[in-house]
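Asks: The chain contents come next:
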Amino acid sequence: MRTIRVCCGTGCLANGSAKVAAEFERLIAAQDADAKVECTVKRTGCNGFCENGPLVTIIPDQISYYHVKEGDVAEILEKTIANGEPVERLLYKNDKGERVRSQADNPFYVPQMKIALRNIGKITPDNVDDYLATGGYEGLKKALTMTPDEIITELEKSGLRGRGGAGFPTGRKWRTAAGYNVFPKYVACNGDEGDPGAFMDRSVLEGDPHSVLEGMAICALAIGAEEGFLYIRDEYNLAVQNVKAAIAAAEARGIIGDNILGSGKRLKLSVVRGGGAFVCGESTALMASIEGRVGEPRAKYIRSVQRGLWNQPTVLNNVETLANVPYIITHGGDHYASVGTQGSKGTKVFALVGKVKRTGLVEVPMGTTLRHLIFDIGGGIQGNRAFKAVQTGGPSGGCIPASLLDLPVDFDTLTSYGAMMGSGGMIVMDDRSCMVEVARYYIKFLSEESCGKCTPCREGLRHMLKILTDICEGRGRMEDLDTLESLGEMLKDSSLCALGKSAPNPVLTTLKYFRDEYEAHILEHRCPAGVCTKLTSFEIDADACKGCSACKRACPADAISGEVKKPHHIDPAKCIVCGSCREACKFGAIITKGRDAE
Amino acid sequence: MQISMEEIEEVLRSYPREQRYSLAIMQDLQHRFNHIPREGMEALAEYLSCPLSVLYSMATFYKALSLKPKGKHIIKLCDGTACHIRGAGSLIGGITRLLGIQAGETTEDGLFSLELVNCLGSCALAPVMVVDGTYYGKMTMEKLPAVLNSYREEAKAQ
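Going down the list, the protein sequences come from chains H and L.
Residue 1 is where the first sequence starts when you use this note's numbering, and the numbers rise one by one after that.
Residue 1001 is where the second sequence starts when you use this note's numbering, and the numbers rise one by one after that.
Please note: incorrect hints may appear among the correct ones.
Below, simulated DSS-like cross-link-like pairs (lysine-lysine); rule was C-alpha separation at most 25 Å, straight line [unchecked claim]:
hint, chain 1, residue 1, chain 2, residue 2
1, H, Lys586, L, Lys1143
2, L, Lys1143, L, Lys1068
3, L, Lys1063, H, Lys453
Hints in this document: simulated from the structure, not taken from any laboratory.
Looking at chain H on its own, in the form it has when it is part of the complex:
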């Protein structure tokens, strides 16, 4: 009996995995009833290696195929399912160019250690039986035999800290909430994953929703809550769908609902769809949004763990945090704490994206170095170009230069360098990424997402954006850099919520580590990376150009002329400086230059 696991996460679905799964089912159904091999097709959650999707894994052979198309299905059935032989061309090619059969030999997966993502890619997300078969809801069963104090003590022993970015000790949060003798209490899950470049929460909600429900149920037992909410981003359709299905299935089985596993305890869970506002990832704004109000944060003289939803004690935990909870209760806090560093225990899921060869979701022990993540797991920089920076922690994080690549990644180390681990987005940039433009990008993002309630954030960001835009467009002055720094410090000190307080990080870190790029924009009137269009012009090096016409085909503005096998030419009047030619050229013949002031 073989199982065919077809990855149906958002990434693989975008690459057509639904058709692949349907084709497997069609061909299997069409086989003779007395066919010698029985097999089932399973639609699983995200395997994390989305760029190479659709992914298909054959169990028990542990053969993993990548980039599978409908047309490959018949061959897989014939060779692998009937005879146990791999289809060579669909196997992953490692760095040495050898084909590898299973995930256990794939350099992307080998260094990983999966706790939060333990079931994803193996189970059908909304199928309770699948989840139960992996030991699911064992943590909840065990928690029902424990006192609230014992549950919380186990969490404290594990050293688990909030995975949403702030890193607050989960056990301490639960203990505080449990201490209030005020009812009702609420448990809430923060699935408003807004940091661009991070998608671990989407993956967990889509691929293993029951683990989050189980984590919430354990929390509810520990603090004495009977109602809970999952606040999920509006953009995450599949996640909303799978979580709703999982809640319905768990209620139908009596796992949650009016009588949790026959214990007489209750927990009613419901999904609230986000409205598409980044600031709603902030705890008090999120709660305002659940209550049906505008998602503006409030000053936290009184923490939401004391007065949260409808002014009642509320525990809000991140998706990944909650997915760790059942594992901790099942295996014990000490076991979990044996992984990681002194101050940061367990594993962390990172979204490794940007200009890196192997992009995707990776889960590694805390304390793994940036170099290991980017160069071993990620395979290095696309096109073997030069590494310039890695941006961690989303808009609140910073840009870390090559000289700091050996830093271990945990809650505390990156923070001491002005960046932060944050929710785990890790965006790799090469020499064609302009750090000034990246800083401008984040400030633009945040000024649009600022709710406008407090003045420092609303006005400060607007002013910083104006200065950064001026620099990117060739109107910068050296004294602007000092103004940026003082505005940044002002925002840190005086903003109402973490959005404003951490907003200057991308600017302050790029000013600290990449000041030369700012200076090149201002003093030399050029963008070293060739990104800022007003400070860049492209020319073709006639000696390097082979006349292949790749640039001419790629140019959206018809600015390139030239005969085949003869050097081409860019018409500067038509050129829109989009960089398509530079990406298309295989010979490095496109030269990036500055531009005279207009």
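Position chain L against the provided structure of chain H, taking the given hints into account.
Replies: Showing chain L alone in chain H's frame:
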């Protein structure tokens, strides 16, 4: 689009009369009518016994909600960081050139609306464009015209 009060009532009545459902109701209205019609806002204010101004502040705060009608096809171009550094910026310019609209606008024929979104969580496929829920990963300027034309052709055929 014809807006019938029956349809609006139907959406409202599927939720209890509590403020906490205001966002969900508005999202349903948005989904049904491609925007929240004035009649819907007024009916909701009455249904929840809450001032229209409160609902108006929500409708203008949340990006998922819109008081103006949107195009038949909604193009969501991701400008999250991963997509941004892999060239989303030039795709925005490309769409603007091809359709003559900026982000947040709708084409005159009402066929397309362009929205910039801040990360769809599909960073591994960057740059990503989504049209009405269909994902187009690793978009390029070269692929752009064909994708947009396929929706135009479909509209013509109807």
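Asks: All hints are to be evaluated individually against the structure, with a verdict given for each.
Replies: Hints, one by one, checked against the model:
1. A distance of roughly 20 Å separates the Cα atoms of H:Lys586 and L:Lys1143; the hinted pair therefore holds under the 25 Å criterion.
2. For a cut-off of 25 Å, the pair hint linking L:Lys1143 to L:Lys1068 is broken: about 30 Å separates their Cα positions.
3. For a cut-off of 25 Å, the pair hint linking L:Lys1063 to H:Lys453 stands: about 17 Å separates their Cα positions.
Hint 2 from the earlier list is the only one contradicted by this structure; the remaining hints agree with it.
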